[in-house]
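Here is how the chains run, residue by residue.
Number of protein chains: 2
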Amino acid sequence: MMSLSTYESNQYRGRYSMPVPTSNLLIIENDFPEFQPFEEEATPRGYAPGVASLSVQNIDMCLQINKSKHYTTAYDTQNLVVRRGQEFVIQVTFSRQPTPADNFQLEFLIGSDPSPSKGSLVAVTFGSRNGGQWSGKILETRGNTLMLGIKPNATAIVGKYRTYVAIMADGGVQRTKRDANTDMYLLFNAWCPDDAVFLSDEAQRREYVLNDTGVIYQNSASQRSWMYGQFERGILDACIYILDASQMPIYNRGNVINLVRIGSAMINTQDDNGVLVGNWSDDYSLGTAPTAWTGSAKILLQYANSGVSVCFAQCWVYAGVFNTFLRCLGIPARVITNINSAHDNTGNLKTDLIFLTDGTPDRRNTRDSIWNFHCWNEVYIARADLPPGLGGWQVVDSTPQETSDGYYRCGPASVAAIKEGLLCHPFDSGFVFAEVNSDVVFHKRDQYGTLTPYKVDKTLVGQAIYTKAVGSTSAVDITHTYKYPEGSAEDNRTMTRAEEYGCERDHSELPDVQLSVVITAEPVQLGQDVNLAVDFQNHGEFPKTVEAHLSGSVIFYTGVTASDFKALDFTVTVPANQTERVMLKITAEEYLPNLGSQLSLNFVVTGQADDQSVTAIKVIDLQAPVLTMTVSGQPQVQQEMFVTVSFTNPFNFPLEKVNLAMEGAGLMTHRTRYYSVINPQASISWKESFVPRLDGPRRLLAVMDCSNLQQVWGSVDIDIAA
Amino acid sequence: MMSLSTYESNQYRGRYSMPVPTSNLLIIENDFPEFQPFEEEATPRGYAPGVASLSVQNIDMCLQINKSKHYTTAYDTQNLVVRRGQEFVIQVTFSRQPTPADNFQLEFLIGSDPSPSKGSLVAVTFGSRNGGQWSGKILETRGNTLMLGIKPNATAIVGKYRTYVAIMADGGVQRTKRDANTDMYLLFNAWCPDDAVFLSDEAQRREYVLNDTGVIYQNSASQRSWMYGQFERGILDACIYILDASQMPIYNRGNVINLVRIGSAMINTQDDNGVLVGNWSDDYSLGTAPTAWTGSAKILLQYANSGVSVCFAQCWVYAGVFNTFLRCLGIPARVITNINSAHDNTGNLKTDLIFLTDGTPDRRNTRDSIWNFHCWNEVYIARADLPPGLGGWQVVDSTPQETSDGYYRCGPASVAAIKEGLLCHPFDSGFVFAEVNSDVVFHKRDQYGTLTPYKVDKTLVGQAIYTKAVGSTSAVDITHTYKYPEGSAEDNRTMTRAEEYGCERDHSELPDVQLSVVITAEPVQLGQDVNLAVDFQNHGEFPKTVEAHLSGSVIFYTGVTASDFKALDFTVTVPANQTERVMLKITAEEYLPNLGSQLSLNFVVTGQADDQSVTAIKVIDLQAPVLTMTVSGQPQVQQEMFVTVSFTNPFNFPLEKVNLAMEGAGLMTHRTRYYSVINPQASISWKESFVPRLDGPRRLLAVMDCSNLQQVWGSVDIDIAA
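Keeping their order, the protein sequence lines are chains E and G. Going by my numbering, the first sequence opens with residue 289, and the numbers climb by one from there. Going by my numbering, the second sequence opens with residue 289, and the numbers climb by one from there.
Mixed in with the good hints there might be a few duds.
Since the list gives no way to pick one copy over another, a pair counts as held whenever it fits inside one copy or between any two copies.
Said to hold, decoys possible - No more than 30 Å apart at the CA atoms, straight line, and that leaves these computed lysine-lysine pairs for BS3-like: (1) Lys357 - Lys425; (2) Lys732 - Lys448; (3) Lys465 - Lys448; (4) Lys439 - Lys355; (5) Lys357 - Lys975; (6) Lys439 - Lys743; (7) Lys873 - Lys357; (8) Lys425 - Lys732; (9) Lys465 - Lys355; (10) Lys586 - Lys439; (11) Lys975 - Lys355; (12) Lys975 - Lys945; (13) Lys732 - Lys439; (14) Lys906 - Lys873; (15) Lys732 - Lys465; (16) Lys732 - Lys873; (17) Lys854 - Lys586; (18) Lys357 - Lys746; (19) Lys854 - Lys448; (20) Lys448 - Lys425; (21) Lys425 - Lys746; (22) Lys906 - Lys743; (23) Lys465 - Lys439.
Simulated from the structure, these hints should not be mistaken for lab results. Owing to the predicted nature of the structure, the values given are computational and were not obtained by experimental measurement.
Work the whole structure out from these sequences, hints included.
Encoded structure:
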C-alpha cells in the first residue's frame, strides 16, 4: 500500500496538485480561520446591512431524535451517528432570530484538505442559494432557534465529519469554533433505497446490520457463538482506523465496493500492516490461540490502540472480525461456512490428491488440500459496476489466500454470478467458484513419477454452505444460492460456462469401477473410542480379495496432517455383486496423545484388488465438552446481574494453564480468569457481575483454552428488558 | 506480497501441505539422487534383463537448430531458449543403441519441489507409456544417438527448466547428473495458435515480440527512441528475477493474464520491492533523471544484480522497462502514449478544474490533473476469462496510479471493452476508460465555497493515442481502437453503457455561451520567444468588454505547476458576433530562469464580461536541441565500427555537469561520457568504437542530461549485414 512517506516526499511534488488525504481520525483543529475574508472586496449577496450581526450561540446535534430514527442508538459514543441518504436534524441557536436576508450554511468536513469537488467538504444551504450535494431545509423556527433538516446524499463519503456553522458577514465568513462534540459519524444506510447497501427486508436489516451477536459454523456438527460487538465503545473509531491504516483515500470511502475490497485486504496482515496475524500451527504461545477468542471487540480495540497486528487468527477469526467491521459501518454482512472447501493454488477446478502404488497418500507430491471448513463473509450490495442481476450477496474473504492475482484479498464476488458460472466479472469469482465446485481427482503415481487418475469425486467439495438464520441461532443451508444441484441441466450449463471462461476441469478417462469403498462413523465425543464401518462393494461378477490399509492421522482443519497415529493392514474378501463390511475400532488412547490443539481425525482406507485401487476418506470432528453457564438477577438495562461459568474436567488427565474468557455484546466487556490446573473430575465455578447496557435478546459467551484442550465453549441467552 | 519468511515460519505449518515454490532462479543441485530405487520391489515393465544396462553419454540441446526455428537466436545466452507449444529437438547419445525394450524419459523441472500435478515436473516419454503434458517422439536414430522431438504444451509454465534423462534400470531409475548447460528457457509463443499470446501476422510478431528498439511519443510534437534490449546478456534472467521477487508461485507462471498483472505491479516499487522508484520532482541527485535513460537494459541489470529498486522513473521509463519485460518473455507488447491523460482519483468521468471568481486557477481546491501525456503498454493476448470479442490488445500500466482498488497496478484491460464501454470485466477497465474519456469540467468557486460549473470540454482528454508503426519509426494514431468519434451514435451508446456501469458523468446545466476564448501558438524552440494568439469570440448581439488575465507557468508533464513566471491583466472589447484577436508575446528571458528540468509551459487566459466567465488553456512543449550522430566503418556483424556524437551549445549560458549516455541494442552496451561544462556556442564531440552483435536495421541512441538542460537526444540508424 502507499506509504505516507511517499506522498510527503518531495519526489512526488510534480505528481500531485495536493497530497491525497488518507486519514480520517487525524485530529484537525484549524480547518478555517474563525473569520475568513472574502476573496473579493464586493459586499456579498445576502448580507443585510443595518441589522445586528448574526452569531451562533449553540449547536445541538439532537442525538436522541436522530439516533433512534437512524437505528444507531446502540453505538456507545457521545457523538452523533447517522446514516446517509436519510434526513437528520440539527438545532442551531443564534444570537437573534435569523431573517430571510441572513445568509448562513452548515459545513461538514472529512479528512485533511477537504475539497468541495471531492465531497469531503460539503456546504449545506437552507435557501435558494446552491450548496453542495447534501440538501438542507429549515424545519422549524422557535425564536432564535432553528431546527434544520440535513439529508446527506446516498453516495456520501462514510466516516467521521467535523461540523461548522458559517455565517456570511460583512466582508467575510464568520464560522463557529472547532468543537469535537459536534463531530458526526456518517454510515452506509441499508434502509435507504438509493444507497448501494439497501436491503428491503426489515428482519434482514435487523439481523445483518444490527445484530451484534452471531454464530459461526465449523462443521456439520459444530458451531460456536461469536460476539461481533460492533456497537461497543471504540469499535466505530477502530473500523475507521483500519481504513486510515489502509491509506484508502478519503474521497473513495463512499464507494462500498472499493471499501469492502480494501477491508478484505486489511483484516489480514499480508501486504500491509493489517488487523490479524494468521497462525496455522499448534504453537500460539506468542499470542492468543485462534480458538480462544470470544469475539471481535478485543481484537479491534487492541489493533486500533497499538497500531500493531494482533496474534493470532484462523479463518473464522478473520470472518468474525471482518463481519464486525462491515456491520459497524452499516454494510449488511454475514459469516458463511463452506464445508469441504477446496484450496488449490493454480485456479483450476481440480483438487489433485496423489496416492502411491500401494495406495497410501503421497504427501510429498500432493499440493492441494481440502479444508474441513472455510469461513468467509457475504455483503449485500448493489453492483452498479456489473450487468443487472448480479447484485445482492457478494463473497468477501479476508483470510489470506493465494487468489490468482497475487494479493491477499478476495471479492466482492457476486454469489449469483458464481451460481451461473459467470466468471468474467470482478472480483475473484473464479477463485470462489473453485472453492465450492472443485472436483477431487484421485491420482495414482507410478514408479516413473507418472500420474494416472483413477477416481473423481464431484460431490465432496462445497458439500454444504451454512449461515446463521435471520432472527434465530439455527443454521440455514444456502448451498442452493451458490450452485445448482449436482448433475442437473443447470449445473451442466454452469460448469460448461465456467470452462469457457478458462476454468480447467478434469476430463480423464477413468477405469470402470469394479470395486468401491465407503467409510461411515457415528459422531464421537472427545475421549471416546472411534468406530469405523468400512464397506467394500464388489460391482463385478467374480469375488475379490482386497488387500486393504487404514491410516489414521490428526489433521488441521485445513486438511494438512498434524501427526499420524494409526496404520493397519487387513484383508477382506468380497463376493461378487455384494458389499462386505469391516468394523474397525480406534481407541481414545491411540489418538489422544497426538491431538495437540486439533480435534479432527482423518482416516484413509485404501484397497487393492487385482489391478484396481480404491480409496475412501473420512474426517471425524471430535465433540469437545461444553461450559455450563447460568445467570441470575433482574434482566433489565442498567440493573446488576450475575453469571456463573462451570466446568468439570471429564478426562483422566489434568487440564493445565487454563484460560477462561467471557463477554457479551451490550452486556459485559471481555473478562478473563486463569486456573493453573483443573484435575481429573475436578470442577471450577467462575462468577461475575455485569450491568446490561442494551436491551433485547442477548447472549453471554465463555471460551476455555488450555495447552491440552481447546475449543470448549458455552453460552447463555438472556432477554434484557428496556 | 507474501514474504518468504511467512512460508518458512512455523506459523503456516498446518496451512500448506508443502511450501509454495516462488523462485525460479534459485540454484537447485539435488533434484534427484542419481539412482532412485523403485518404491516397490517388483521388476518394472520395460526393463530388459540380460542386455547391457543403458546409460547416457551426452545431451546436445541443439541450440542452432532450435533457436532459429523458435526465433530466439538474438538472446545472448549459452542456454537453449525455445517457445512453448512448438517442437524443439534434443540429441541424446547413449552407451549403446537403445532397443524398444529400453525404458527412458526426459524430465524437465522448474522451481523447488517440482510437482507433476502442477506442471513443474514434466516427464516426456517416447513410446506407448504415458508421460506428462508435453509430447515426445523419436525423430531419428543414428547408432547410439537419438534425435528426440519434444513439444511442450501451449499452457506450460514459462521460465528456466532443468533437464534430465532418466533410464528405468534394474530396481530403480538412473538419472543424468545435474548440468547447468542443459538448462532451458521456455517462453510464451506468439507463433503458436494454441498459445494465449498468439498473433497471426508475421510483421506484427516481428515488431511486437522481436524488435528490441522502439519509439515513445511524449506529445504530439516530440518522440524519443528507447532501447528495449530484451535480447541483451542477462536480461532474460533479470525478467525471471522480477517474477521471483514478486513471489509469484511457479505454478501460475504459464498464465499470461496473471503474469502481466503481477508484472505491472512489480515494475514499480509501490507495494513491493519492485524495479523502479518514481520521482516527479526536479531533484534527481540521488539517482538517474528519468529523462537521462537510453533504454531498459541498464535498469533491469542493475535491479537484478543488486535486488534494490532503481532510481528514477516517470511514466515512459516504466512503460519502456515493462515493454522489455513483456517482449523478453515472448508476450507481444507495445508502448502507448495518451495525449492529455486524465488523472482523477475518484474514478468518475469528470476532471474538475476550479477557478476563483476573478478567473484565476484555484490551485488549492483543484485536485484533478490532466497529464500532458501518459504512457502505458498494450499486450496482445486472448482473454479466455472474458466473453468472446474482448481478446486482442489489452492495456497494462506499471506507472503507480491510484486505481480504484488501492494497489499500484493496472490491467490487463481489454481495449475492445473500453471502446464499447463494457466496464464490467476485469481488470481496471473503468480506470483506463476515464483516462481517455474524462470530461473536463470548469467550475467557478464562489465566496461561500460553492462550485458552479460553467464549461465542459469533452474533447481535451484522450485527444490522441499513439504507438509506433509496425516496421517503421512513424507514429500511428490508434485513438479509434479506444473510442468512437466524439458525438457519434456509437460514442453515445458507449458513454451510456459506461454510466450504467457506475461511471458518473457531468450533467450540469451550463449557462448559454455568449463569449468564448481560444489560444493558438506555433511550435517553439527552447530559447525562442513564445507568441500567443488569443481569440475572444462574442456570440451575442451586443459588444462586450472583457477584463482578461493571462497567467504563465512552467508545469510538469503531469500538469502540476512547477513555477509561475507571468501574470498580465489586459482589456479587450469584442463587437457583437465577432472575434477579436490579441497577440501576447512571452520572451525567452521570462521563462528560461524558471524551467528547471521541465520543457512545458502552461498558459491560462481567463476573461470576465458582465456575469460571464471564459477560460482557455494552452500547453506549449518547448523543442529541445538535438544531438548529431554519425557512424563509420563496415556495417556487418562482428566488424568494428565507430560512432561520433556531436553537440553545440546554442544558448548564451554554459551547460554544466553534462552527462552523455549512449547505447544500441545488438550494437553497443550502455556507455557514458562526462563534461563538467559546455560553454555558450562551444561544441563537444564524443567518438566510440563498437562491434555489432546482431544484424538487421538497428539504431544507436544518445541522450544528454545536465542540471540546466534535459531531454536532449539524438539517434542514428544503421543496417547491419549478417
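Quick rundown of the hints versus the structure:
1. Lys357 - Lys425: So Lys357 and Lys425 pass the 30 Å test inside one copy only (18 Å; across, 77 Å).
2. Lys732 - Lys448: between (59 Å within a copy, 28 Å between copies)
3. Lys465 - Lys448: Classified as within; 17 Å inside a copy, 66 Å across copies.
4. Lys439 - Lys355: Close inside one copy (14 Å), not across copies (69 Å); limit 30 Å.
5. Lys357 - Lys975: neither (38 Å within a copy, 81 Å between copies)
6. Lys439 - Lys743: Cα proximity of Lys439 and Lys743: across copies only (28 Å, versus 61 Å in one copy).
7. Lys873 - Lys357: So Lys873 and Lys357 fail the 30 Å test inside a copy (61 Å) and across (64 Å) alike.
8. Lys425 - Lys732: Classified as between: cross-chain Cα gap 24 Å, same-chain 74 Å, threshold 30 Å.
9. Lys465 - Lys355: within (24 Å within a copy, 75 Å between copies)
10. Lys586 - Lys439: For Lys586 and Lys439, neither the intra-copy (34 Å) nor the inter-copy (58 Å) Cα distance is at most 30 Å.
11. Lys975 - Lys355: neither (34 Å within a copy, 79 Å between copies)
12. Lys975 - Lys945: within (19 Å within a copy, 79 Å between copies)
13. Lys732 - Lys439: So Lys732 and Lys439 pass the 30 Å test across copies only (24 Å; inside, 66 Å).
14. Lys906 - Lys873: within (14 Å within a copy, 86 Å between copies)
15. Lys732 - Lys465: Classified as between; 27 Å across copies, 76 Å inside a copy.
16. Lys732 - Lys873: within (28 Å within a copy, 83 Å between copies)
17. Lys854 - Lys586: Neither. Shortest intra-copy (40 Å) and inter-copy (59 Å) distances fail the 30 Å Cα cut-off.
18. Lys357 - Lys746: neither (50 Å within a copy, 43 Å between copies)
19. Lys854 - Lys448: neither (58 Å within a copy, 41 Å between copies)
20. Lys448 - Lys425: within (22 Å within a copy, 69 Å between copies)
21. Lys425 - Lys746: neither (61 Å within a copy, 35 Å between copies)
22. Lys906 - Lys743: within (16 Å within a copy, 70 Å between copies)
23. Lys465 - Lys439: Answer is within; shortest intra-copy Cα gap is 23 Å, inter-copy 76 Å.
Going through the hint list in order, the structure does not satisfy hints 5, 7, 10, 11, 17, 18, 19, 21.
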